[in-house]
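> Below, each chain spelled out in residue letters.
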Amino acid sequence: MENRSLLSGTPLDGIDYGVYTASLMRRAAGAGLLDERALAAMQEGLLGLLRSQIEEITRGESSSVPAETADQLMDDIGYCIDVALKHAPTPQESLALLREHSMDALYRMGTGLLDREERACEGLLSRVRATRTPTVNEGYRILLDVTFPQYLRDWKVRRHPGDFVVLTEYPLAREVSASGIFGVRERLESLALENRFCGRFAPVLDGLLRGWARQNRTSPAEAYVNLFTITLQNLLLARLLGREDAALGAGERAGLEERLRPLAAEQRAALLLRAAEGLIDSCAFENARLNDYIREGAARFAGEVNRAGGALTPFAVVAEEDAPLLFIDGERLDNDAFSAVADEVLLCDDAARKARIIREELRSLDDLCDLLGAGCVFDDEYAEIFSSFDEATAALLLGRIRAVWEERALRPLDEIEWQEAFADWFNRLGADCRERIRALSKTLAG
Amino acid sequence: MSGLLSLLSRQDDALIRRDADELLRLNDLTRPYGLSLTHEDAVALLKVRTDALKNSRRIEVGPGVLEKLAEAFCDSAYVDGQNYADTLCALTELFYYLKNDTLDSLPDDELIAVMKQCFDGDCEGSLELLAGRDMETMARNVRAYGSVEAPLETDKPAGEAGDYAVEEDEQWRTVRF
Chain A
1 MENRSLLSGT
11 PLDGIDYGVY
21 TASLMRRAAG
31 AGLLDERALA
41 AMQEGLLGLL
51 RSQIEEITRG
61 ESSSVPAETA
71 DQLMDDIGYC
81 IDVALKHAPT
91 PQESLALLRE
101 HSMDALYRMG
111 TGLLDREERA
121 CEGLLSRVRA
131 TRTPTVNEGY
141 RILLDVTFPQ
151 YLRDWKVRRH
161 PGDFVVLTEY
171 PLAREVSASG
181 IFGVRERLES
191 LALENRFCGR
201 FAPVLDGLLR
211 GWARQNRTSP
221 AEAYVNLFTI
231 TLQNLLLARL
241 LGREDAALGA
251 GERAGLEERL
261 RPLAAEQRAA
271 LLLRAAEGLI
281 DSCAFENARL
291 NDYIREGAAR
301 FAGEVNRAGG
311 ALTPFAVVAE
321 EDAPLLFIDG
331 ERLDNDAFSA
341 VADEVLLCDD
351 AARKARIIRE
361 ELRSLDDLCD
371 LLGAGCVFDD
381 EYAEIFSSFD
391 EATAALLLGR
401 IRAVWEERAL
411 RPLDEIEWQE
421 AFADWFNRLG
431 ADCRERIRAL
441 SKTLAG
Chain B
447 MSGLLSLLSR
457 QDDALIRRDA
467 DELLRLNDLT
477 RPYGLSLTHE
487 DAVALLKVRT
497 DALKNSRRIE
507 VGPGVLEKLA
517 EAFCDSAYVD
527 GQNYADTLCA
537 LTELFYYLKN
547 DTLDSLPDDE
557 LIAVMKQCFD
567 GDCEGSLELL
577 AGRDMETMAR
587 NVRAYGSVEA
597 PLETDKPAGE
607 AGDYAVEEDE
617 QWRTVRF
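Each protein sequence line maps, in turn, to chains A and B. Positions 1 to 446 (my numbering) are the ones given, in order, by the first sequence. Positions 447 to 623 (my numbering) are the ones given, in order, by the second sequence.
There could be a bad hint or two in this list.
Between beta-carbon pairs, the in silico distance windows are [said to hold, decoys possible]:
1) A:S52 with B:D521: 27 to 37 Å
2) B:V621 with A:R158: 47 to 57 Å
3) B:N501 with A:R158: 44 to 54 Å
4) A:D334 with B:V621: 52 to 62 Å
5) A:R99 with B:K493: 32 to 42 Å
No lab work stands behind these hints, which were simulated from the structure alone. Ideal placement from N, C-alpha and C gives every residue a C-beta, glycine not left out.
Produce the complete structure using the sequences and hints provided.
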């Protein structure tokens, strides 16, 4: 006997939203909310849908299909009916829909809702492509020009609507777990907001991406990073310094870390969230959803900074001119990575490219000395490579050379090719420059 | 996975009872040939069908091919009142096996027609020959050539295959296309 008091709740709690219709039917049947006749009618309805789809895909020429095909057909049928039932605000109202409508009607309701989602996606994709962020990042380009259009094309040619996994080459600021056409729509909505934000800061994006790529040993084209996130993070940190631009120097980052490390987690979060509100006010996007997206991004950033104990190195993008090439105790590459870099430098026939590889891949003075002595740089290339280094790096290298000074000219004591080349290059520098490097070398040596 | 397919499996027994009654209506067609199914025969046949579908990992909705098999084979000289039910059972199992073995490329009607032709022809009513020889060959042809019959091999001697000319001397064999 049906227990009407149960309509208000408990038996329909704990429904599995992954298999909504099946779970709802089982729970309702178990609670006496669906009798045998109603269940049988629903099962007949499902069989009828399956039969008509089998007839469609076999052109009426076969009464049976492989179980995998039937599974897929039934999954797609179930997905559409799930969509129709989940559209109701509560499981109780879903059950009412289930009782009042045939499976065929629910299926058509579901496909109608899915078609509406797909039309919304078309409009969103058009907007996202029209407002695309100008960037060399390949992941972003592929997402807009290949991945999303392909998902929509695949949807249109599908015989029957169904669920599918959404995978993207470009990470969004907000993680989206939704699948199927709903997942595509949610991702497009996020991308539209991010494009709007990034469009305001387009002039600095390229530099931020290059800086992030350099810091993470990759190229701007291949970087797997969200442009909105790196821009927002730098803007918030710059605001903590009282500035409204996105550029950060290495010294400024270090200074901010000194401020943030001693603070409690709540204090760091409060600072960053206040900076976000300031950013929202000054940008005046007049878009509540974008403002909320910025606030969510700031909250995520605050969480990550707190997990890092106030450290900013993983997050802040330092301006390229300000970034030191390497550190005395910088991170060393393992043997395989070092070999790979050495091979890459060896295979370059252009000194400028070799210099770029060295700047992008090396952080440790030891690694740099090893590379210079590895036989992958040739005579006439040394000068151009040394010229690409900043004075700090030149000073560090100077500190590694056993040499004597003969009337302010450097003479290395060891017959090591790169050291002799360095001495040649150093001795051709202007007197002021040589003095600065020599003084810096003494300072760094302690 | 929607989980709905598992809800339908409970239907088996109810379907079998209902479908058995429908299957018995075939007796009107087959009785002139001296063939008829009892209710027990019909239930057994439907259970064989269910097992055959399960073993061949196929799903069928509705009464399926049993009527078609009965209609096709009822006029065979090799099917009589004694072996009618057993023959239908064997043909049912063979049918679903062949649907998979031919990669679902043959419509039901065409497959049944080929089975009947071979059963009445070279197999002379032998189900063993039908399953083990003729249908194996047919399925292999479908998989290899896309048709139930293998294409005819050319019997022209080498060098006269039509599309190219061959000249030979003591040292060289020249093929001109």
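> Against this structure, judge whether each hint is valid.
Hints and how they fare:
| no. | hint | verdict |
| --- | --- | --- |
| 1 | A:S52 with B:D521: 27 to 37 Å | holds, 32 Å |
| 2 | B:V621 with A:R158: 47 to 57 Å | holds, 50 Å |
| 3 | B:N501 with A:R158: 44 to 54 Å | violated, 31 Å |
| 4 | A:D334 with B:V621: 52 to 62 Å | holds, 58 Å |
| 5 | A:R99 with B:K493: 32 to 42 Å | holds, 34 Å |
The structure does not agree with numbered hint 3 stated previously, though it agrees with all others.
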